[in-house]
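**Q** Residue numbers (this note's numbering), protein chains in the order written: chain A, 1 to 435; chain B, 1 to 315; chain C, 1 to 178.
Worth flagging that the hints you see were computed from the coordinates, not collected in a lab.
Incorrect hints may have been included.
[Said to hold, decoys possible] Residues from chain A that face chain B, not an exhaustive set, calculated with beta carbons under 10 Å:
#1 Glu193
#2 Gly201
#3 Gly204
#4 Pro206
#5 Trp244
#6 Glu315
#7 Leu344
#8 Met345
[Said to hold, decoys possible] Beyond 12 Å from chain B on every Cβ pair, some chain C residues (computed):
#9 Val3
#10 Ser6
#11 Leu22
#12 Arg79
#13 Ala142
Everything numeric in this text was worked out from a predicted model, so none of it was measured.
Don't be surprised by glycine CBs; every beta carbon is placed ideally from N, CA and C.
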Amino acid sequence: MTTADHLIKGASLPDGKKADISIFNGVIASVGSEFKGDAKNVIDAKDCVVLPGLVDLHTHLREPGREDAETVLSGSRAGVKGGFTAVSAMANTSPVADTAGVVEQVYRLGQEAGLLDVFPIGAVTQGLKGEALSEIGAMADSVARVRVFSDDGNCVSDPLVMRRALEYIKKFGGVIAQHAQDPRMTIGSQMNEGEISARLGLKGWPAVAEEAIIARDVLLADHVQSRLHICHLTTAGGVEIIRWAKARGIDVTAEVTPHHLLLTDDLASSYDPVYKVNPPLRTEADVHALREALADGTIDIVATDHAPHPTESKECEWQEAAFGMLGLETALSIVQKTMVDSGLMNWSQVADRMSIAPARIGGYENHGQPIVVGSVANLVVINPTQKWTVDRDLVLSKSSNTPYHGHVLPGVITHTFFKGAATYSNGTITSVGDK
Amino acid sequence: MRHLLSIADLNKSEAISILDTATELARVSDGAVKKLPTLRGRTIVNLFAEDSTRTRISFEAAAKRLSADVINFSAKGSSVSKGESLKDTAMTLQAMGADAVVIRHSASGAAQRLADSQWMSGSVINAGDGTHEHPSQALLDAFTIRKHLGMGASDLAGLNVAIVGDILHSRVARSNVLLLALLGAKVTLVAPPTLLPVGIQNWPATVSYDFDSVIPHVDVVMMLRVQQERMSDLFFPNAREYSRYFGLNGERMASMKSGAIVMHPGPMNRGLEISAEVADSARSVITEQVTNGVSVRMAILYVLLAGGALEVGRD
Amino acid sequence: MSVALSAQDITRALTRISHEILEKNQGSANIVLLGIPTRGAHLATRISSIIASIEGSEVPTGTLDITLFRDDLRMRPPRAIMPTKIPTSGIEGKDVILVDDVLFSGRTIRAALDALGEIGRPRAVQLAALVDRGHRELPIKADFIGKNLPTSKSQSVRVLLSEIDGRDEVTIEEGAEL
Numbered sequence: 001m002t003t004a005d006h007l008i009k010g011a012s013l014p015d016g017k018k019a020d021i022s023i024f025n026g027v028i029a030s031v032g033s034e035f036k037g038d039a040k041n042v043i044d045a046k047d048c049v050v051l052p053g054l055v056d057l058h059t060h061l062r063e064p065g066r067e068d069a070e071t072v073l074s075g076s077r078a079g080v081k082g083g084f085t086a087v088s089a090m091a092n093t094s095p096v097a098d099t100a101g102v103v104e105q106v107y108r109l110g111q112e113a114g115l116l117d118v119f120p121i122g123a124v125t126q127g128l129k130g131e132a133l134s135e136i137g138a139m140a141d142s143v144a145r146v147r148v149f150s151d152d153g154n155c156v157s158d159p160l161v162m163r164r165a166l167e168y169i170k171k172f173g174g175v176i177a178q179h180a181q182d183p184r185m186t187i188g189s190q191m192n193e194g195e196i197s198a199r200l201g202l203k204g205w206p207a208v209a210e211e212a213i214i215a216r217d218v219l220l221a222d223h224v225q226s227r228l229h230i231c232h233l234t235t236a237g238g239v240e241i242i243r244w245a246k247a248r249g250i251d252v253t254a255e256v257t258p259h260h261l262l263l264t265d266d267l268a269s270s271y272d273p274v275y276k277v278n279p280p281l282r283t284e285a286d287v288h289a290l291r292e293a294l295a296d297g298t299i300d301i302v303a304t305d306h307a308p309h310p311t312e313s314k315e316c317e318w319q320e321a322a323f324g325m326l327g328l329e330t331a332l333s334i335v336q337k338t339m340v341d342s343g344l345m346n347w348s349q350v351a352d353r354m355s356i357a358p359a360r361i362g363g364y365e366n367h368g369q370p371i372v373v374g375s376v377a378n379l380v381v382i383n384p385t386q387k388w389t390v391d392r393d394l395v396l397s398k399s400s401n402t403p404y405h406g407h408v409l410p411g412v413i414t415h416t417f418f419k420g421a422a423t424y425s426n427g428t429i430t431s432v433g434d435k
Numbered sequence: 001m002r003h004l005l006s007i008a009d010l011n012k013s014e015a016i017s018i019l020d021t022a023t024e025l026a027r028v029s030d031g032a033v034k035k036l037p038t039l040r041g042r043t044i045v046n047l048f049a050e051d052s053t054r055t056r057i058s059f060e061a062a063a064k065r066l067s068a069d070v071i072n073f074s075a076k077g078s079s080v081s082k083g084e085s086l087k088d089t090a091m092t093l094q095a096m097g098a099d100a101v102v103i104r105h106s107a108s109g110a111a112q113r114l115a116d117s118q119w120m121s122g123s124v125i126n127a128g129d130g131t132h133e134h135p136s137q138a139l140l141d142a143f144t145i146r147k148h149l150g151m152g153a154s155d156l157a158g159l160n161v162a163i164v165g166d167i168l169h170s171r172v173a174r175s176n177v178l179l180l181a182l183l184g185a186k187v188t189l190v191a192p193p194t195l196l197p198v199g200i201q202n203w204p205a206t207v208s209y210d211f212d213s214v215i216p217h218v219d220v221v222m223m224l225r226v227q228q229e230r231m232s233d234l235f236f237p238n239a240r241e242y243s244r245y246f247g248l249n250g251e252r253m254a255s256m257k258s259g260a261i262v263m264h265p266g267p268m269n270r271g272l273e274i275s276a277e278v279a280d281s282a283r284s285v286i287t288e289q290v291t292n293g294v295s296v297r298m299a300i301l302y303v304l305l306a307g308g309a310l311e312v313g314r315d
Numbered sequence: 001m002s003v004a005l006s007a008q009d010i011t012r013a014l015t016r017i018s019h020e021i022l023e024k025n026q027g028s029a030n031i032v033l034l035g036i037p038t039r040g041a042h043l044a045t046r047i048s049s050i051i052a053s054i055e056g057s058e059v060p061t062g063t064l065d066i067t068l069f070r071d072d073l074r075m076r077p078p079r080a081i082m083p084t085k086i087p088t089s090g091i092e093g094k095d096v097i098l099v100d101d102v103l104f105s106g107r108t109i110r111a112a113l114d115a116l117g118e119i120g121r122p123r124a125v126q127l128a129a130l131v132d133r134g135h136r137e138l139p140i141k142a143d144f145i146g147k148n149l150p151t152s153k154s155q156s157v158r159v160l161l162s163e164i165d166g167r168d169e170v171t172i173e174e175g176a177e178l
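The shape of chain A in the complex, shown without the other chains:
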């Protein structure tokens, strides 16, 4: 009997059953009762849960163009620490990822980093300007094999452009991921429009500016029979629209960020721009609606919208600050805190929302696979019984704009496996290129 590369002993599978899992040559070699053979690396996982490696459908890696905030390498490092084996790099880089050249560059950088799969997302429109379609076909056929297209950062607000985009991607098996924000209603907007914004004197970003676009786009997707994905859903009203659309059989999926499952707009009262994000933090009622929707599957996935920014972009007045928060390293802990520990979801559902469903939407075949013999060994091991304190000076991201600095969070990730190799192991990061 050959020696296994790794043996994860006594872990709980997502369905709760205990098992020993052995990994050999990049795949899962055995799953079941006590493993009797040898293994080069034995991991005592008795209090741990093993999930399929997490898949993020919404990550900002900032390279090319803003390497001061993050690079594909530093973002990959943050990703493996957060239990991710695949991330999707949004297209709002500089230059914009609207050609085969840029997406192939990002893809190659991900391969060189060798820590997880980086799947570039292609822009819907040239330069994210919302006017002319980008070279969707060229990007789909490139080495990067792009299937997810998004102008995230910007909304595809022109209804005719959105219609054409939804139609065109059908040829390439793609999906449009819409950042729903009516630009006319949100010029200069700083935070959720409501009681708090009225008091703080910060220009409001009304929920209707998000919901109106979602409503329009689900109707468009229905009309042209195409696939639509709604990025970072943040409002109870938006949840209702998605529910309605799904009931009618419209092919729409939706994501929610970890921060929108936990944080609310009253945090802006300190005027600390670490809480400034787009779309903005909303109200308690919205947070509850989002949690329920994630639990019942109306919201299909959790996606981080990991948005690194250099210190000077956050250490200033609110109006001047950039929008965005880090998310990769804390995502699973926040989901455990808000959804599992509160009793709304079990680990099997977490596996679905954070790995299986995002892999399916993105078309990432090697990810989100069931934990059975023969599956690619993309796995994450987490100990839900341990806690850890978030320290912004110790994050692996190049930036430190985390809203959780000082928070004590549940769930410590002990290992991340990518293609059978331990990319993250109790604090150590190892590239698959290294031996």
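Once you have looked at the hints, place chains B and C on chain A.
**A** Frame of chain A; chains B and C shown alone:
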């Protein structure tokens, strides 16, 4: 009290003590004493990242009457206008030994960011931050109202005040609503629906779109400046419609209660929100507001700076 | 705690001070009484009415708050400013008589002299104190004293006046003044 960032930071007795201190200081200034040694040796910096002549001069006069040294950092020609960050500006002021910074800034929350940061250790006085608050304006407005209509009471209980105009973008309105309510007055906000913030239902004030029905019942009509830009931003069709419904003209003034006064934080758009006739009438206390501003700002500087390290308060 | 002056002692002292003021200034024609709030102001009012009953004419009387001229403001939380009311006849060329309850370090009177300096130029300034408890830190002396009370620095002198405290009494207590 270490900073004055928002009226929300004051309780009723603190607010009244500022007004009472201002009353005494006004007497001092009215009389032969023009200068007091109280803040001798202290350095107060006016950090005005947004243009403003009257507020800056008012704070400067207040500081000088208390013998403080004043340094002016104003928008034009300063490093702030050349893109120096608030942080770097603050650290420069700290290096210069500023005991207090009076900050006026176009970003809401700028004063609080300065106070909460570790960039400097002096007191921060908010002289107007974006559309958030303008505490010293509200205090001088309350002082003026108390002087004319207070009947010797320490607070403003029983008085009715109408605040009219662009409430949505007005830091003066926000501070005044908080302070007038704190002092027991009843506030009615009058504006077109487009200029009222969503979420206003929780403010301690009633709302009306009908100026004419509110006027006869109030003791104070406080007019706010309406900026010309609001017209191109679709807040109302044109100046004519705005004046017709929300302008204080002679006819509306005639329906005011006997003894009721007209106020305006300035600068005025004569002919838009307020007619020249009203601005120059006997009911107008607008120029007196400016005089009172110096006494009130002296009181603020006194309360924040005259005491020493043993004080307990909001940090 | 011991009683240094009873109500009756206080009345007699104020009467004697009033006579001494008139004697030193040859009548009340040019004098202005300025009491230092809080208790000095009440004492000034009493002296003013005593003089009025002796001379048959009113003496201009007012208050002079010295808070803004103190040299020890930074050592404690900001104090409330009390009213300053200078009589309409002013102080220019007048013989101003400052009235305070207790003369101790002399710093209050130093501040009062600075305050007067900002208002105008009296012909002369004199000081009437109900109690002089010694321990001067500046070269200040009283012209008219109710009672000399030798005290140690670890003691404090409390003056109670009926206008505020319900009764007249001066006591010495253990425990330094704040």
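**Q** Now tell me if each hint is right for this structure.
**A** So, going through the hints one by one against the coordinates:
With 10 Å as the threshold, the beta carbon of Glu193(A) comes within range of chain B, its nearest partner Cβ sitting at about 5 Å, so the hint holds. The interface hint given for Gly201(A) is met, as the beta carbon of that residue sits about 3 Å from the closest beta carbon of chain B, less than 10 Å. Taking 10 Å as the C-beta contact cut-off toward chain B, the hint placing Gly204(A) at the interface holds, the least distance being around 6 Å. Below 10 Å, beta-carbon pairs count as interface contacts, and Pro206(A) has one with chain B at about 7 Å; its hint therefore holds.
Because the beta carbon of Trp244(A) sits about 25 Å from the nearest beta carbon in chain B, more than 10 Å, this interface hint is broken. Nearest Cβ of chain B to the Cβ of Glu315(A): about 6 Å, under the 10 Å cut. The hint holds. The closest approach between the C-beta of Leu344(A) and any C-beta of chain B is roughly 29 Å, which is over the 10 Å cut-off, so the hint fails. Because the beta carbon of Met345(A) sits about 32 Å from the nearest beta carbon in chain B, more than 10 Å, this interface hint is broken.
Distance check on Val3(C): its Cβ is at least 32 Å (rounded) from any Cβ of chain B, clearing the 12 Å threshold; non-interface status holds. Here Ser6(C) stays apart from chain B, with its beta-carbon at least about 35 Å from theirs, past the 12 Å limit. For Leu22(C), the shortest C-beta to C-beta distance to chain B comes to about 28 Å, beyond the 12 Å cut-off, and the non-interface label holds. Once the 12 Å rule is applied to beta carbons, Arg79(C) is inconsistent with being away from chain B; the minimum gap is 8 Å.
Listed as a non-interface residue, Ala142(C) keeps its Cβ farther than 12 Å from every Cβ of chain B; the least gap is roughly 24 Å.
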